[in-house]
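Protein chains in written order, with our numbering: chain A, 1 to 352; chain B, 1001 to 1281.
Heads up, some of the hints might be wrong.
Said to hold, decoys possible - Covered stretches of chain A, going by a simulated chain B footprint (3 or more residues, C-beta under 8 Å):
#	stretch
1	20–31
2	46–60
3	67–73
4	265–271
These are computed hints drawn from the structure, not numbers from a lab. The structure presented is a predicted model; accordingly, all values stated were derived computationally and were not measured. Ideal Cβ positions, reconstructed from N, Cα and C, are used throughout, including at glycine.
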Amino acid sequence: MSFLAIENVGKRFGHTTALDGVSLSIERGSFVALLGPSGCGKSTLLRIIAGLETPSSGRITVDGEDITSLPPERRRLAMMFQSYALLPHMTALENVRFPLRMQGKESAAEQRRRAMETLALVDLDHLAERLPREMSGGQQQRVALARAIIAEPRVLLLDEPLSNLDARLREDMQIELQALHRRLGLTTLFVTHDQEEALSLADRVVLLNQGRIDRDATADALYDDPGTAFAADFLGAANLVPVTVEATDGAYIAILEDGQRLPLAEAPGPGPRQLILRQEDITLADPTAPGLEATIEARIFLGARVRYLARLGDLRLRILAPRHLQYPPGTPVRLRIDPETCRWSREGSPLN
Amino acid sequence: MPGAQGGQGLVEPIVLVTPGIALLFGAFLFPVGQILVLSVVPSGEELGAWSNFARFFADDYYIRVAWRTFRLSLLITAATALIGFPLAYAMARAPRWLAFLLLLLTVLPLMTSVVVRTFGWMMVLGRGGPVTDLLMLFGLSARNAVLLQTETGIVVAMVQVLLPFMVLTTLGVIAGIHPHLEEAARTMGAGFYKTLRHVVLPLSLPGLVSGSLLVFAISMSSFITPNLIGGVRLPVMASAIYQQAIHTLDWGFAAAQSTLLLIAVLGLLVPYLALMRRARV
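Here chain A stands alone, though its shape is the one from the complex (with noise of 0.2 Å):
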């Protein structure tokens, strides 16, 4: 039974189609990530979800009540903006307090003693009385956190979370959204373009591309196997290699386009095929050893490791590797590939 269900959503601007029917169902208490290129129309799923956008069809339901025509004050859905939309002339406490406000159930003594205890479960009611004007920024993304949980929410939705954050700040905010999520259970659904955001945060990545679903996987299973040329590209991680696959004598070959051949483990059949290959399963060796034979094109030190581009042919791969090893440009090499690591693009096939 799930909780938050978006049936057959679709959402068109004029002539563009920003969503073509998507349905996602998500159980209580989850934590999802919608993943996708700018323009996949992640952000519009979001607004729709929030009330902020009427969709052109399908349904979507929270805990069974159909919330499809209710206007956003009445969904009980909260929602963080990429830019925090923190009203600047409250102070810290009074926007904190607002959800509640409206709501007015409570006296204003004890919704002010609500948004102070909110601002303490993310370290900031020393600042309680400062508008937002006077917050750094991570400050006042706590703050637009603070209100978003503050009336607690059926469905807590946040549009780039971390990406207004420098390097260290995300660190920060991260640990902040898992300890919560995992504290208050709050059913939470974010919009992010970065692929590690993505896999770092949620328990399940739903994986977005030109207003449908190309993907929808937990974190781990998407990159072990990104399943399709899309994801394997936009996640960053893996090359794709277009190959033919031949069968002989009960064991299948992989013919690269310039004619080197791969054994492989298993194979979705013989004929043309898109080959997955993680950029840390191809392991560098010297030219005297088996191997695809190719040259180094690229060295870019990134700290713990160090990333390869190696060309055989027309094809260029992404290779991670140690930071101890030293091939300099130009250099060739022999790539191992162990064929336990392989991965197909379903693309045409049933997903799962």
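Fit chain B to the supplied structure of chain A, relying on the hints for placement.
Just chain B, lined up with the frame of chain A:
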């Protein structure tokens, strides 16, 4: 920019402001100064220094004129704000083509002469005009009521004349309010009107206040519209001053009234500017 802070950098700004400053001195500060002097120093030898002011406050007629001017200006300002704020908000949030159309409709009256517009109002409000017919139709007036030469008529016509000033100043501020703020308020349980009240209205206050000051200042000293609509029975301060200066040729008394008018407007403007400066810090 090395020259910006040095002495050389001062030459260009001085060149730029000279014509404006010269005009202000020659055409505004000098004549206003003359009026101030004239109001204090009476022309007749037998009168004391502040006699013109004493005469103003002693005469019930002039007090009533001043009170009418003040009261009508307040009414006009309130009505303009009440009509102008929703209009400005709609313009700020409407689709581009509609916003342009509304803007055009708002600004268009500014392109025609006040005399022409007021003459139009005289026809509309006067005997046999459509407003009278409408009032009769709804049974709001038994007799052939005429808004011409009434205070209501003055307010209605003045609101129309001054609406663009209110709308344009408020629009500038509302356009700067990010729509995300309203959307955020909506997701936090505030309906449309609550959002308007708790988010848009407080944030548009600077525009509303400066628009109100502008409208109030212009209403206080306006002459043509109140004079043509109100007629001789309902004089406002500007028409009383005109009367003294042109017909009675009592320049000293006219100057005293002008000075009082100036003080009344400045008395509002100066605290506002001080308040705005403090709010920005």
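query = the stretch 67–73 of chain A covered by chain B? Criterion: 3 or more residues, Cβ-Cβ distance below 8 Å.
reply = Held - the stretch 67–73 of chain A has 3 residues with a Cβ nearer than 8 Å to chain B, which meets the minimum of three.
query = Per the coverage rule (Cβ-Cβ under 8 Å, at least three residues), is the stretch 20–31 of chain A covered by chain B?
reply = Not satisfied, violated; 0 residues make the cut.
inquiry  = Quick check: do three or more residues in the stretch 265–271 of chain A have a beta carbon closer than 8 Å to a beta carbon of chain B?
reply    = violated (count 0)
query = Taking a Cβ-to-Cβ distance below 8 Å as contact, does the stretch 46–60 of chain A have at least three residues touching chain B?
reply = holds (count 3)
Violated hints for the displayed structure, listed by number in ascending order: 1, 4.
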